[in-house]
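Enquirer: For reference, the chains in residue letters:
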Amino acid sequence: NAGVTQTPKFQVLKTGQSMTLQCAQDMNHEYMSWYRQDPGMGLRLIHYSVGAGITDQGEVPNGYNVSRSTTEDFPLRLLSAAPSQTSVYFCASSYGGPTYGYTFGSGTRLTVV
Amino acid sequence: AQKVTQAQTEISVVEKEDVTLDCVYETRDTTYYLFWYKQPPSGELVFLIRRNSFDEQNEISGRYSWNFQKSTSSFNFTITASQVVDSAVYFCALSEVGYNFNKFYFGSGTKLNVKP
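Respectively, the protein sequence lines represent chains A and B.
Residue 1371 is where the first sequence starts when you use our numbering, and the numbers rise one by one after that.
Residue 21 is where the second sequence starts when you use our numbering, and the numbers rise one by one after that.
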């Protein structure tokens, strides 16, 4: 049982490049979310999904796109990377929604130069 | 306004000392859930506890205990006889049942350093 799997673990991008952070879970969880973690700011919600085909914006959605074509996968796309997007990104999933708590992936450390 | 406030940015203690991490939250919902997560130096986020707003009983799990007080909107976390392995960043979080039911609010975290 893998839980929540994020790839890659580390990535360096040049300003203006695009890329997709992958997230997959094998627990049949309906709820999935993407967070970014920056020093002194805790984790901030980027986008979330309450089921396949349904996504919505969180606190800091600008510069990111998501889609949810299957229950298992919830990729995060950076359209045109900026240095301000240098951060650690966490994907999380939950069976019954945020009130049940989240299971987190191991994170992706992204550096934009 | 921040939904979850962890005023202690960093705490350093010597092994075997007791330490309390503070968490103050803000919500208008009568039903909500509070959480603590641990983030060790390896970076993953580990779930520690979930508590609903109707259960104000203190909880103890080994060396860990949690004190939930609705009157002061606080959900503090105490580690008794701290150990070096407790060194981590600890996050308090809030989930509301209501308009913001899809949101999960984290505090900014408290970094705990336990020195041998």
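Source of the hints: derived by calculation from the structure; they are not laboratory data.
Fair warning: this is a prediction, and the values are worked out from it, not measured in the lab.
From the three backbone atoms N, C-alpha and C, an ideal C-beta is built for every residue, glycine too.
There's no promise every hint is true.
[What the hints assert, rightly or not] Computed spacing ranges between beta-carbons, pair by pair:
id: 1; chain 1: B; residue 1: Glu37; chain 2: A; residue 2: Ser1388; range: 46 to 54 Å
id: 2; chain 1: B; residue 1: Pro61; chain 2: A; residue 2: Gln1427; range: 25 to 33 Å
id: 3; chain 1: B; residue 1: Phe74; chain 2: A; residue 2: Leu1449; range: 22 to 30 Å
id: 4; chain 1: B; residue 1: Gln103; chain 2: A; residue 2: Arg1447; range: 36 to 44 Å
id: 5; chain 1: A; residue 1: Pro1445; chain 2: B; residue 2: Thr98; range: 20 to 28 Å
id: 6; chain 1: A; residue 1: Asp1408; chain 2: B; residue 2: Ser94; range: 34 to 42 Å
id: 7; chain 1: B; residue 1: Pro61; chain 2: A; residue 2: Pro1378; range: 14 to 22 Å
id: 8; chain 1: A; residue 1: Gly1423; chain 2: B; residue 2: Thr100; range: 29 to 37 Å
id: 9; chain 1: B; residue 1: Gly63; chain 2: A; residue 2: Met1397; range: 19 to 27 Å
id: 10; chain 1: B; residue 1: Ser94; chain 2: A; residue 2: Arg1479; range: 43 to 51 Å
id: 11; chain 1: B; residue 1: Ile80; chain 2: A; residue 2: Tyr1465; range: 21 to 29 Å
Enquirer: What hint numbers does the structure not satisfy?
Expert: Per hint list: 3, 5, 6, 8 and 10 violated.
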